[in-house]
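Q: Sequence:
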Amino acid sequence: MGFNSLLQKKPGLNQGITEASLKAKKSGAKTILILHGDIPRTNASILNRYKKTQNSD
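Quick note: the sequence shown uses our numbering, first residue 699, plus one each step.
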């Protein structure tokens with residue numbers, strides 16, 4: 699069992715579910731668990747660093 703995370707590109711619950719579902723489908727996942735929440739007042743440098751690691755997949 700493995701876990702992967704996704705920081706969605708656009709705001710909104712439906713957008714987040716769509717992005718997560720497409721990523722799971724492309725990776726061949728058999729099941730998907732979506733935990734969706736807001737990250738208030740997050741430092742932009744942390745998000746940019748995370749985004750770079752996600753894009754390297």
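Incorrect hints may have been included.
Cross-link-like lysine-lysine pairs, in silico, PhoX-like; alpha carbons within 20 angstroms at most [as the list claims (entries may be wrong)]:
| id | residue 1 | residue 2 |
| --- | --- | --- |
| 1 | K749 | K707 |
| 2 | K707 | K728 |
| 3 | K749 | K708 |
| 4 | K708 | K721 |
None of these hints come from the bench; they were simulated from the model.
Q: Please work out if K749 and K707 have their alpha carbons no farther apart than 20 angstroms.
A: 9 angstroms, holds
Q: Under the criterion that the straight-line Cα-Cα distance not exceed 20 angstroms, is the pair K749, K708 satisfied?
A: OK: K749 and K708 at ~13 angstroms, within 20 angstroms.
Q: Is the Cα-Cα distance between K708 and K721 20 angstroms or less?
A: This hinted pair holds, its Cα atoms lying about 15 angstroms apart.
Q: Hey, K707 versus K728, does the alpha-carbon distance stay inside 20 angstroms?
A: Roughly 23 angstroms separates the two Cα atoms, so the pair is violated.
Going through the hint list in order, the structure does not satisfy hint 2, though it satisfies all others.
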